[in-house]
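Throw the hints in and build the complete structure from the sequences for me.
Mapping the sequence shown onto my numbering, position 301 (from 1) lands on 301, and the numbers just tick up by one.
Just so you know, these hints were derived from the structure itself, not from any lab. The structure displayed is predicted, hence computed values, not measured ones. For glycine and all other residues, C-beta sits at the position ideal for the given N, C-alpha and C. Hints may contain errors.
Distance windows between CB atoms, simulated [what the hints assert, rightly or not]:
no., residue 1, residue 2, range
1, E425, K122, 42 to 50 Å
2, N399, P253, 26 to 34 Å
3, K295, S94, 45 to 53 Å
4, K262, R297, 21 to 29 Å
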Amino acid sequence: MNVLARPVTSVGLPRLLGKAVLSTAAQGPAGLGMAMPPCFNVKVAQAAPLRVSQLLYRPSAGGVGEETMPPGFKAEVAQLDTFELPEHATGSLSNRRLGKALVDAWRRDGIIQIAMSDTQRKLWKDAKAASCRFFRKPHSEKAVCVDSQSYAGYIASGEEVTDGIADYSEIFTITKDLDLSDSRVRAKWPCHGPCPWPDIKMKEPMVRYNEDLGVQGEKLLQLAELGLGVSPGSLTRYTRDGWHHTRVLRFPPRNATNGKGKEGRGIGSHTDYGLLVISTQDEVGGLFIRRPSYKERFANWEKSAAGLREDDDGWVYIPPVAGVHTVILGDMMQYLTRNYLTATPHKVGLNTRERFAFAYFHEPSFQAIVKPLEGGYGGMVRDSSGDDEGIHYGTHFTNMFMRNYPDRITTKRLLAEDRYTLLAEKELRTMDSVPAF
1 MNVLARPVTS
11 VGLPRLLGKA
21 VLSTAAQGPA
31 GLGMAMPPCF
41 NVKVAQAAPL
51 RVSQLLYRPS
61 AGGVGEETMP
71 PGFKAEVAQL
81 DTFELPEHAT
91 GSLSNRRLGK
101 ALVDAWRRDG
111 IIQIAMSDTQ
121 RKLWKDAKAA
131 SCRFFRKPHS
141 EKAVCVDSQS
151 YAGYIASGEE
161 VTDGIADYSE
171 IFTITKDLDL
181 SDSRVRAKWP
191 CHGPCPWPDI
201 KMKEPMVRYN
211 EDLGVQGEKL
221 LQLAELGLGV
231 SPGSLTRYTR
241 DGWHHTRVLR
251 FPPRNATNGK
261 GKEGRGIGSH
271 TDYGLLVIST
281 QDEVGGLFIR
291 RPSYKERFAN
301 WEKSAAGLRE
311 DDDGWVYIPP
321 VAGVHTVILG
331 DMMQYLTRNY
341 LTATPHKVGL
351 NTRERFAFAY
361 FHEPSFQAIV
371 KPLEGGYGGM
381 VRDSSGDDEG
391 IHYGTHFTNM
401 FMRNYPDRIT
411 TKRLLAEDRY
421 TLLAEKELRT
431 MDSVPAF
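Here it is as structure tokens:
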């Protein structure tokens, strides 16, 4: 069984029982069986805690719903499907059904949860410990972890800008770690360079965690291909030498900021730029998303979605749940599927305690030119421009980072050395091509 039962509202639920049992009914009472995928023999929880074929842990204190929402925010509390991924994605009937359920959940909710294995829990625990150690270093030690050629490394609270307003997030960005001798670095390709690790104690757990998330990302794309009914490789062909990267995040308590941004605002509303974003958050809540809606159209590759409906109603709070990753979609998935799957607008609010989170981006190759998938399945509609010429992912990524970090040393060097113009070169637009030296 690949899909776990849809939870009822998490507010006020008692703790999950420690022994899992198989469910036997496919539908609960009215109002609880919401959009259960067909062919899944899963009972919807009623008054008792959920009991499913694989144990899903929840935070043991502080609640997992409305009570964890940052103060000053009003939003619906999400009830999300939580899926268990198979060891391998194949063309089996169960995998096709799972792929369809994933696609349906993204189209309905804009976000899914996937259960962590015991190994993944350990990887997350180790990576989070390394994150906490790093962010507790003196600012002078963190500030030297920057690179003038890549956007990897430390980003101070207030340095990142979304829609012209400073974000309060403190970040360590992990990009493709390329040695100075790498031919792409020597050729001065934009955004290519080393990752300025502070020490091996941070690097090793982060690399292990990222490698595992890369496996999960590829598996999710393979399942999405099955769910969309497209040929194998329609999505994954773009991720050869993918420009995968991670944002390791710390958010200060709302009453302990440096005053550079907006009260209570951790990160302003935006969409992310690639295919998938696999995230993990600790027990302190802060994440809000907007569900897909035909009434809200945007195309971040044409016009910035930064600040999108940030102060409007309609936001959905994603409460922290232990032992799961959340997965949202990015701009390139929206473009590939002609808006059948849309990028997920999201923002972060500051809570009363500091908050730690990870966001792993499973991306196309920097050199990839992404083009819409063939066919008109599932009522797919064209993007707003109707332009099928494709989007160069490397240019889109560079534009996003230059916009978010206008004063960073990397942006200044990129412009001073006229590196941006290299993005039009054939080598940078041909997958697997490398400059010859």
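Going through the hints against the structure:
1. E425 <-> K122: 42 to 50 Å: holds, 43 Å
2. N399 <-> P253: 26 to 34 Å: holds, 33 Å
3. K295 <-> S94: 45 to 53 Å: violated, 35 Å
4. K262 <-> R297: 21 to 29 Å: Since the Cβ atoms of K262 and R297 sit about 26 Å apart, the hinted range of 21 to 29 Å holds.
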